[in-house]
Each structure stands twice: as C-alpha cells, then as structure tokens.
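Throw the hints in and build the complete structure from the sequences for me.
Note that the protein sequences, when read in sequence, are chains Z and W. For the first sequence, position 376 matches number 655 in the working numbering, and the numbering has no gaps at all. For the second sequence, position 275 matches number 389 in the working numbering, and the numbering has no gaps at all.
Since the hints were made in silico from the structure, they are not lab data. Wrong hints could be hidden among the right ones.
What the hints assert, rightly or not - Below, computed lysine-lysine pairings styled on BS3-like, alpha-carbon distance capped at 25 Å:
| # | chain 1 | residue 1 | chain 2 | residue 2 |
| --- | --- | --- | --- | --- |
| 1 | W | Lys-316 | Z | Lys-488 |
| 2 | W | Lys-175 | Z | Lys-611 |
| 3 | Z | Lys-504 | W | Lys-448 |
| 4 | Z | Lys-675 | Z | Lys-611 |
| 5 | Z | Lys-474 | Z | Lys-612 |
| 6 | W | Lys-308 | Z | Lys-483 |
| 7 | W | Lys-448 | Z | Lys-499 |
| 8 | Z | Lys-611 | W | Lys-316 |
| 9 | W | Lys-448 | Z | Lys-483 |
| 10 | W | Lys-308 | Z | Lys-675 |
| 11 | W | Lys-448 | Z | Lys-496 |
| 12 | W | Lys-448 | Z | Lys-474 |
| 13 | Z | Lys-504 | Z | Lys-474 |
| 14 | Z | Lys-679 | W | Lys-448 |
| 15 | Z | Lys-679 | W | Lys-316 |
| 16 | W | Lys-308 | Z | Lys-612 |
| 17 | W | Lys-308 | Z | Lys-679 |
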Amino acid sequence: MKLRRQSFLLGAVLFGALLGGYGCKDKAESPSGGGSGDKPGTKTETTTESKGNSVTGDTIKIGEYGSMTGDNSTFGISTDRGIKLAIEEANAAGGIQGKKIELVSEDDASKAEQAKTVVQKLVSSDKVVAVIGEVASSRSMMAAPICQGAKVPMVSPSSTNPEVTRKGDYIFRVCFTDDFQAVVAAQFAFDQGFKNVAIFTDVKSDYSKAFGELFGKKFKSLGGKIASEPTYQSGDVDFKAQLATIKGSNPDAVLIPGYYTEVGTIARQAREVGVSIPLIGGDGWESDQLVPGAGTALEGCFFTNHYFVHDGTVEPHVQKFLDAFSKAYPGKKPGALDALGYDAARVIIEGLRKAKTLDSVALRDAIADTKDYQGISGKITLDKERNARKEALVLKIAGKEFKPFKTYKPEQVGL
Amino acid sequence: MQEFVQNLIYGVETGAIYALIALGYTMVYGVLRLINFAHGDVYMIGAFVGFFACTQWLPFKDLSQHPEAATLNVLLAIVTLFLAMLICALLGIVIERFAYRPLRNGFRNADAHFWGFVAALPLTAFVGAMTTTKRQGAFLAVGVIVGFALRPAMAYLSKKIKPSSSRLNALITAIGVSLVLENGGINVFGADPKFIPDILPKRQISLLGIEFDSSRVVILIVAAVLMATLRYIVLYTRPGKAMRAISHDIDAAKLMGINTDRVIAFTFALGASLAGAGGFMVAAFTNIKVVPLFGLQPGLKAFVAAVLGGAGNIPGAALGGLIMGVVESLVASKYPQWRDAVAFILLIVILLVRPAGLLGKNTAEKV
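This is the structure we're talking about:
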C-alpha cells in the first residue's frame, strides 16, 4: 500500500496536538504545587482586604463543593450524604437563632481547576458564611486561597495533606493529617513484623508522594528496610512490570498509598504476577468501589482510616448517627467520608451557635475555638495549625468487607 | 533472566491489544489516507458495551458467589464479545457516514432532510428542557416541525458546500469525532470509574517460574483468531479485494464499478469491530476501570504501532503492536516513568529513520 510522507507529518503534528491536550487534562486533575512551607495567610489571591460575608435574610447559607462526578465521585457523594444529614438535623431542631441553614452544593467534577471556579462562585455570588470541602487535598489546596482571601472559613472534611491548612488561618480540617497517618502506617507495618517493605507511589498525586516519603522515613527510623520504590501514574492500567520489580526485591509487604481507582487493579495484577504478600494503604482506599475493583485480590490487606462503624456496641451518639443515617439513606452504611462530612458540618453549625455575630469572620473565631467536640469520627479539638488531633484506625479487608483491626493514638507513634 | 522473560510475556499481551486497535487505524489509512483518531474511542465503547452487558443486559453471575455459573458465563461472554463487535461496527459505520463521508463527497441534496433534523436537535433539546415532563409529545412535535422547516435551508446549504479533498480537514474532523465521543461518554455514562465484576473463570498458570493468568492466554488466542480472520477477509473475499483496489487507486476503483462508499463503510466496520472486541476483552479480563477516556492512551499507542509497522500495512500493524507492547513492558520494569514517553520516542525515531514504517514500502509522492 502506498505511503505519503505529507500525511505522516500531518499526523505527527496532530497527534502532538492531541497529546498536548491530554497533558492539559491531566494537569487539571493533578495536584497543585504544595510542598512549599508557606506561612499561614501569605497565599491569598485577592489584593483588596475583604470583610467576609455576613448573613442576610432568613437563611444562613453554607457552601459545599465536592467531586459529585468524575474520577473520585464516590468521595463527593459520600461526604455530601453526611453534610446533608447534619444540616437537616440542625434545621429540624429549629436552626440557628430562628434562621434555617441552607446548603449550596457545587460539583467540581473531580477537577482542581473546577474546584477553584465553583468556590469562587460560592463565596462571591452566593455569599456563603462557610465552605465545606474537599476530600482530595489537591482540590482543597486550589480552593483554600479563595476562601482565605474572602475571609470565609473553609472546613475540609477529609483532606489529609499537611499543606492544606497551611494556606491560611481560615482553613480548617476535622481529620488527621498524612504526617500522622503515614507514621501510623509505618508503625503498624513494623508492629506486624514486616521488616522489608516496598513502596509503590503514584507520582501524580501529592497525597501519595507525601505519604510514601513520610512512611519511608518513619519505617527506616524504626529499623525497617525499604526493599524498592517503584512508581506509577494515576490513570495507568498496566502495573505488572513494576510489580515484577517489587517481586524481585523480595519484600514482606507493599505500601500502596494511592486512591481506590487504581488500587483494585494493582492488587489484581500483583496477585497475578505472584506477589502474594499483604498490601498496605491509606484512607485513599476508602470507597465502596474498592472491593468491586479488586475482587478477592485485597483479602487480608490493611489500610489506615479515620473512622469505622464497629459491629455490636457503639457509643450512644454514634448509634444516634447510625439510626438517623439509615433512616435518611435506606440500605446505605455510613463510611468514613460520610462521618467526616457530618462532623465537618457539625463543627460549622456548632460554630454558628457560639459565634458572637452571624458573619464569616466571627464564625472563623468560633470554629477555631472548637474543643473536645464529640464527633462521630472521634473527639475533635482543633489545634493551633487548625488540624484535628484524633486517633487513626487500621482496617483489615476480610470476606470483601472492612473490619477494624487496630487503633493508634497520636501519643503511641511519638507525636 | 526470569524477570526478563516474564516482562516479555506481559509485553506480548499488551501488544496484542495494541495490534487489534492498530489494525483499524491502518486499514482506514490504507483506503482513505485518513488517520481516524476516533478509533481509540470506539475501543472505549467496546469496553462500555462489555460493562453494561455484564452488569445489566445479560444474566451474568458473579463467580465469587456462584462458582457453578462458570460455563454459563463463558457462553454469555462469547455473546458479549460479538455484541461489542457488532455495536462498534455499527458505530464505525455511523462515524464514517456522518462525519467523513459528507466531507469526502460533499453534501448531497438527498441528505438535506436528515441534516435538517440534526440542526433541529439543539432547539428541540432546549424546548424539551423548558417544558415539563407532561408535555413531551408537544416538544417532539416541535422538533419534527422544525426539522421539516429546516429542509429547504439545508438543501440550499448543500449546494453551497463543496466536497473537500483536504487531508487536514479530515484529520481535524477525526479529532472532533474523538472529542464528541469522549465528552459525550462523560455525559451519558458519567466519569466515575466502573468495574466489570469477576465473571470469567481464571486460573493462575505457573510455567518455569513465570506466573501469568489464564485470561491473558485467552486474550492472545482471541486476538490471533480475529487477526487471522481479518487477513482472510482482506486477501480472499470480494470486499477484501475491493478494499485493496481502493487502497491502490480510489479513482480507478470507482471507474471499475466498485461502490467505493460501501467498501469504505465496510472497512470502518471491520476496524471498529476489532477495536470493540479488544475493549471488551481488556475490560472484562483485567478488570481495569472503565471510564470515557478509556481509549485515549491505548488509541495513541496503537496509532504509534500502526506507524511503526508501516501505516496501511496490515501485517505491519500487528508487528508494530507487538513491538510496542514488549518495548513498553521492558522499559516500565526498570524506568516506569518512561513507559509512555518511550512509545513516542519510538514514533519520532521511526519517522526520522524509516518514515514508511518497518514493513511499509516507500513510494514517491506525485505532485
């Protein structure tokens, strides 16, 4: 068959264009900068001093942004369930000073750029007094400077990258950070008797890279050894070559600090190439899509998480939450993200009750004062860095279900 | 050494899929000198057909709960394979008919009616969004009336629009179709990842210390059978002969009485069905996430494979696919971050050193 050079060149050029487009798409989803040790409050986007938003009219508007669609849609949907439940309960109990709370929800489609856009809309055109979001640290970091600049407190339910709350003094979170989670994972691996661990990180995710690094540091300081450190990129579909490298390095366990979207496939392929040792992960594994993606490949594996509903006896306030949840969402079981969404909303509602005036600046101060608040995912005290100091759970996957396995308090890992 | 052989085997598996997709690129290039960038997205549709067949359309059973259903599932999977091939073949024909053919032949008066309705679509969709669900009949009626009303306008336009022989136009159209399929997929299926459950029996095979899954062997065998069938069709059947004639000289073929439009549609159907089969097999056997951008990366890699083997050359595409798979696998075992880059480095090298591809013949361009 004939061949014409011209069309090839054309093809090559267009193909380059396509590739370029692909790169952009990825960039939009990939984490924003991070890693820099900015002082709180230095990274604001607005130049004019904002006075914050105050409540006007009969309703108090709270904004929510999350990944309701897109790659991590289960994250957004779970969190949203918890938030809505908390707000419905508060309204049923009479609202705040006779005013009802109105939730304005925005979808960021799992894209960092979009998170920025929708949060801008929430603070400037909806004039919300507080913002809840996001799960993924990359997206929280995109939106945080906007909330900081507009003087609207932002409470992240479950972004664990330490950088998130360093974006400014209006940024809070109700979960622990990777500084803690990764150290717990390392301590846990060591306690389980794994002395030689391979780390398999996603180079495209801030969360994964930081987790892997912190884990490695702690694990080595405990006396463990890192067998090998191959990498993958979220979106990859074939991990067998790297897994063969891991197999060749003969570890006792593999740490995969990634998101559920890839972990299932990695686990399947690991079993296929003959890596039958336990895999360890973090809260990025938490999703009801984890097991469908992995089949039976994750049986006997572990991951650190924020919260888990224990079977049997639970504390009364948790039981109350479980009852309300099953009534509101029949047939669903609340996961960690539901609970953290609920807690984030409750912290804001509690703040509104205590705030001297109903505006975002007074609300910030009230939220910052949160102390020993009994949340579903543990007692929440916000420290000077606006992070919650809580215990971490290690869950085991057995019989296609998550089972609580061990608990670590910050003191237990030297923090 | 053992690791090397193991990676070689993984490479052949990946390569077989690249080869299946590359065949579609190369056939279309052979007859039309068009790089059909939408081809990777046809592969994605194959995966989605597989997903819906496995979870909704067909009575598959999850093997981890019903191990006795293995035989039933295998039969259903064969049905699904053909279903995916059929739907993708139809999609290929539709793409050719509505995106590439008007560009090649120009608008014909006879098409005016159809395009009238296409032009009426956004309007009816808008009316539909405005009216309540109770008045769906009304908004359908509006659509039909507008469609008829637009007919003369379209007939007028059809006289104005001349056929375009520009390759650039065709290529840009191909990219447009690709974007429509990807973003349309996000709209229709949602961007959240979907997983095909465990429906096929798998067995771990351990051979001389090399571990692989039986499903990989199935992928290889099915791919080989499909490629052999394709070779038979192209070399020994009348439509195949017509395809080769068109590839040789489309104008002469037309003069000899070959219905070129029909043969081109057939070529698209053939290529698309192979991609569909590949999409389903990958999604079902490896259980990777099925998303609307499922075909983007494999599509680009397969394009490189087609160029590597010699665009327009069918055995070349198969060879190119295998080489790509193996090279990628070997590189990824040592330098995983270079996995994607190496494919495109390969493309640049082949364009510089042997632009006709490994098996392609270099012919002079007539100006």
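To see whether the hints hold, each was checked on the structure:
1. Using a Cα cut-off of 25 Å, the hinted pair Lys-316 (chain W) and Lys-488 (chain Z) is violated, with the two alpha carbons roughly 34 Å apart.
2. Straight-line distance between C-alpha atoms of Lys-175 (chain W) and Lys-611 (chain Z) comes to about 23 Å, which keeps the hinted pair within the 25 Å bound.
3. Between Lys-504 (chain Z) and Lys-448 (chain W), the direct Cα distance comes to roughly 20 Å. Compliance with the 25 Å bound is thereby established for this hinted pair.
4. About 20 Å separates the Cα atoms of Lys-675 (chain Z) and Lys-611 (chain Z), which keeps this hinted pair within 25 Å; it holds.
5. With a CA separation close to 36 Å, the supplied pair Lys-474 (chain Z) and Lys-612 (chain Z) exceeds the 25 Å bound.
6. With a C-alpha separation of about 21 Å, the suggested pair Lys-308 (chain W) and Lys-483 (chain Z) falls inside the 25 Å cut-off, and the hint holds.
7. For the hint pairing Lys-448 (chain W) with Lys-499 (chain Z), the CA-to-CA distance comes to about 24 Å; that is within 25 Å, so the pair holds.
8. Taking the CA atoms of Lys-611 (chain Z) and Lys-316 (chain W), the gap is about 31 Å. The hint is violated against a cut of 25 Å.
9. Between Lys-448 (chain W) and Lys-483 (chain Z) the alpha-carbon distance is near 18 Å, which keeps this suggested pair within the 25 Å criterion.
10. Between Lys-308 (chain W) and Lys-675 (chain Z), the direct Cα distance comes to roughly 23 Å. Compliance with the 25 Å bound is thereby established for this hinted pair.
11. This hinted pair checks out: Lys-448 (chain W) and Lys-496 (chain Z) have alpha carbons roughly 23 Å apart, not beyond 25 Å.
12. For the hint pairing Lys-448 (chain W) with Lys-474 (chain Z), the CA-to-CA distance comes to about 24 Å; that is within 25 Å, so the pair holds.
13. Between Lys-504 (chain Z) and Lys-474 (chain Z), the direct Cα distance comes to roughly 6 Å. Compliance with the 25 Å bound is thereby established for this hinted pair.
14. Taken as a hint, the Lys-679 (chain Z) and Lys-448 (chain W) pair is broken in the structure, with Cα atoms around 33 Å apart against an allowance of 25 Å.
15. About 18 Å separates the Cα atoms of Lys-679 (chain Z) and Lys-316 (chain W), which keeps this hinted pair within 25 Å; it holds.
16. A hinted pair counts as satisfied when its Cα atoms are at most 25 Å apart, and Lys-308 (chain W) with Lys-612 (chain Z) qualifies at roughly 20 Å.
17. For the hint linking Lys-308 (chain W) to Lys-679 (chain Z), the alpha-carbon distance of about 18 Å falls within 25 Å, and the restraint holds.
Taken one by one, the earlier hints fail for this structure at numbers 1, 5, 8 and 14, listed in ascending order.
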